[in-house]
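Residue numbers (numbering that gives the first Met the number 0), protein chains in the order written: chain A, 0 to 83; chain B, 0 to 418.
Treat the hints as calculated values from the structure; they're not laboratory data.
For glycine and all other residues, C-beta sits at the position ideal for the given N, C-alpha and C.
The reader is advised that the hints may include incorrect statements.
To be verified - Partner residues aside, some chain B positions facing chain A, computed with beta carbon under 8 Å:
no. : residue
1   : Asp88
2   : Ser177
3   : Ile178
4   : Ala208
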Amino acid sequence: MQVRVRYFAGARAAAGVEEEKIDLDDAGAQTVAVLMDLLGLRHGPELTRVLAACTFLVDEIAAPPERELRDGVQVDVLPPFAGG
Amino acid sequence: MTSPPTTPPVNGAPLAPALRPLVEPAGELSVQEIARYSRHVILPDVGMLGQRRLRAARVAVVGAGGLGSPVLLYLAAAGVGTIGVIDDDVVDPSNLQRQVIHGGSDVGRPKVDSAAESVAEVNPHVNVVRHAVHLDASNALDVLAGYDLVLDGTDNFATRYLVADACELLGVPEVWGSIYRFDGQVSVFWPGHGPLYRDLFPQAPPPGAVPSCAEGGVLGVLCAAIGSVMATEAVKLICGIGDPLVGRLLVFDALAMTWRTVRLRPDPDRVPVRDLVDDPFACVVLEPAPSSGEVDPTQLAAMLAERDAGTRRFLLVDVREPHEREVVAIDGSVLVPVGRLVDADGTVRPDILVWLDELAGAADPQDAVPPALVLYCKSGARSARALAALHAAGRTDAVHLNGGVLAWVRQVEPEKPLY
């Protein structure tokens with residue numbers, strides 16, 4: 000199955016791309032946590048570090064790491080920051 | 000047969016519909032006010048009625064800093080009748096790069112006083128309420144109650160969660176903006192009408208996990224881009240015009256010069272806020288670490304003198320980023336950014352630890368007098384995080400510098416620059 004990942008702010012900088020399609024194994028449960036690991040391996044330790052603090056919106060709703068992903072969902076990756 | 004009017008779809012999904020005005024209009028405006036606000040009065044959708052709503056509005060602005068500066072100036076110019084300014088800080092020289100409501104002669108003065116005077120200069124019709132208090136769980140509801148709208152432009156997670164939770168409990172809409180480096184985020188969280196802050200970011204990140212603007216820097220003019228959107232949304236909400244930024248987060252990238260829209264819905268599984276709590280992570284920052292795990296600048300200076308004399312052995316580790324080290328550093332330290340020392344899951348990287356121990360040159364552990372490792376960062380937050388990871392790995396011979404390089408410069412080397 001395939002999901003669409005959009006990166007924002009520091010996550011976009013660390014990933015080096017604004018968005019991408021990610022193919023996930025159809026066998027077994029594919030969760031947000033699995034996707035996080037995959038993205039970290041794909042783009043390196045800097046993204047891994049950023050992802051640890053990020054919110055993952057799955058089809059517009061914040062999802063915990065254990066949330067299962069379905070084919071065709073959109074995942075928005077948003078780092079928190081508090082500057083003002 | 001006619002169907003009721005609907006908001007036109009954008010990108011296939013409907014925007015949040017225009018909601019009723021937040022504020023009932025005040026009485027007739029004076030001749031002077033009509034002259035002052037004439038460009039609003041002739042504006043369709045604002046008009047005399049909208050201007051009277053602005054006159055009656057009570058708006059709280061939390062933080063008279065980077066975002067608060069344009070927000071306060073534009074809300075004042077727009078004729079918002081009552082503006083509450085909430086800030087317990089004083090103006091620092093490093094604020095002037097972006098906090099345009101304050102001037103050079105305001106350095107050292109309370110921000111609420113400086114901001115109130117600027118607002119009075121822009122528009123003497125505005126009633127400014129000064130709240131020179133530190134918001135916490137004990138006073139946030141009292142301070143914010145009675146305002147029609149809250150704008151959050153504070154600079155830390157603890158206050159942001161506190162303000163968002165208070166708005167949720169009070170049922171008051173919150174215009175929320177946040178900035179870091181070259182990026183900005185802005186949205187409107189309106190209880191009962193759309194997703195709230197905790198739907199977007201359920202919990203504050205642990206201290207040190209996300210750098211602040213003081214640590215990571217911020218493009219000054221970014222405040223204008225995000226602050227102007229915040230003020231625009233405030234005026235729209237008060238007058239009940241247009242499509243409010245409810246259920247949408249705008250993400251601004253100043254380098255790419257793009258505004259991207261993230262749609263957002265409430266998390267159906269989220270437990271509503273019932274009480275205010277001072278954020279547990281905030282306490283970690285505010286309360287000093289256990290005394291066994293930290294050294295003061297004067298203690299460190301003495302230890303370094305002993306190291307120079309050959310009577311003590313330890314490694315001083317700077318866990319900041321390279322560009323910070325270019326500004327100021329403590330002599331005789333090595334650079335290991337916290338991200339190299341500690342993995343994303345909070346564990347210490349063994350290979351780095353071996354390398355550090357080699358550098359420290361602990362000849363015989365039996366003879367070693369702890370600490371073997373002294374960590375420091377800018378303010379003590381990142382080094383505390385790295386220290387916690389080292390302690391969790393059994394390295395109780397590590398300590399960190401209380402107050403970071405900022406405290407060091409103030410107490411030991413005042414001739415060095417601060418940042």
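*asked:* Under the constraints set out in the numbered hints, which ones does this structure not fulfil?
replied: Number 1 - this is the single hint that the structure violates.
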